[in-house]
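All chains, please: the whole structure from these sequences, using the hints.
Numbering (the working numbering), first residue to last: 230 to 471.
If you're looking for bench data, these hints aren't it; they were derived computationally from the structure. Everything numeric in this text was worked out from a predicted model, so none of it was measured. Here a beta-carbon is modelled for each residue, glycine too, at the ideal position from N, C-alpha and C. Please note that a few of the clues may not be correct.
In silico DSS-like cross-links for lysine-lysine, where the CA-CA straight-line distance does not exceed 27 Å [to be verified]: (1) Lys403 <-> Lys420; (2) Lys441 <-> Lys387; (3) Lys306 <-> Lys336; (4) Lys461 <-> Lys443.
What follows is a set of in silico ranges between Cβ atoms, one per label pair, in the way DEER data are often shown [claimed, not checked]: (5) Lys420 <-> Leu376: 19 to 27 Å; (6) Asp322 <-> Ala413: 41 to 49 Å; (7) Asp375 <-> Lys420: 26 to 34 Å; (8) Asp322 <-> Asn449: 45 to 53 Å; (9) Asn449 <-> Asp411: 16 to 24 Å; (10) Asp329 <-> Gln412: 24 to 32 Å.
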Amino acid sequence: MKKVILVFLLLSTNIFAKNLGHRAGGGKKEYYSHLPENSLIALENSLHELQFEEDFLYLEFDIQETKDGEVVVFHDKTIRRMINKKQNKEALDIIAEENDIPYLKRKLNLIRIHDLTYEQLQTLHLTDHPDQKIPTLEEFLELSKDLGLQKPMSVEIKYIYSKNVKERIIRMLKEFREDYMDQADIIFERKYDMPFRVGFLGFRSKFKKTFKDKDNYWCNKIKKAGLYGVFKPGNHINLCDS
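Written as structure tokens, this is what we have:
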């Protein structure tokens, strides 16, 4: 009986503690389960209908770098889960030929985001949504501004490789903070426990690969931009200070 109660409490805690803004509110097990995660359509629905719910603590989405240095909003390292192979067969065949993708990668649809240029990614569409492409960070920021984001924004680091892209991401978020977030009437819910209006999330492994260095160059740059640091999902420890 005690085990049953414990399982129920854990499940209940997980459900009610969930941030409704996770992956822009879209995706399996998210609020808009019928919309693709990290998509512009999920973001649009969330900002129109959902963001004023008290369990929408902050807008969260994931970023990574393409082969040619564009910053796109996408969670996984590979396209397999979010880009249906059959629905994108013609475009994927062209991509495989252009990039000389090995047979097994092609067969299992294990092509990495970083294997492809932004132009190639734009020939693909998200599963079951032929009108939805993988968006850019710039598109997410612009739509958030246009639709009147009024909750904090947390940008989770996934796979960022080059120095110039890191610099550009920090600059883009700094400008978004100065031009929009600092002027907006941002709502901080009682359960929101991070200090920023816009800033970074990142697990320790991603933080180390992306922004960790001996002289704290990147953390200092992030803090100077008014973005506070890189906060670990879950406990929200600032990894720049740990």
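Asn449 versus Asp411 beta-carbon gap, inside 16 to 24 Å or not: 21 Å, holds
Determine whether the Cβ-Cβ distance between Asp329 and Gln412 falls within the hinted range of 24 to 32 Å. Given about 48 Å between the Cβ atoms, the range is violated.
Lying within 26 to 34 Å: is that true of the beta-carbon distance Asp375 to Lys420? The hinted range 26 to 34 Å holds for Asp375 and Lys420, with Cβ atoms some 27 Å apart.
Quick one, are Lys403 and Lys420 close enough, alpha carbons at most 27 Å? 25 Å, holds
Is the hinted range of 45 to 53 Å satisfied by the C-beta distance from Asp322 to Asn449? Since Asp322 and Asn449 have Cβ atoms about 46 Å apart, the given range 45 to 53 Å holds.
Range hint 41 to 49 Å (beta carbons of Asp322 and Ala413) holds or violated: The hinted range 41 to 49 Å holds for Asp322 and Ala413, with Cβ atoms some 45 Å apart.
Restraint check for Lys306 with Lys336, where alpha carbons must lie at most 27 Å apart: 17 Å, holds
Straight-line Cα separation of Lys461 and Lys443 no greater than 27 Å? The given pair, whose Cα atoms are some 19 Å apart, holds under the 27 Å limit.
Status of the given 19 to 27 Å range, CB of Leu376 versus CB of Lys420: 23 Å, holds
Please verify whether Lys441 and Lys387 have alpha carbons no more than 27 Å apart. 14 Å, holds
The structure fails to meet hint 10 from the earlier list, while all remaining hints are met.
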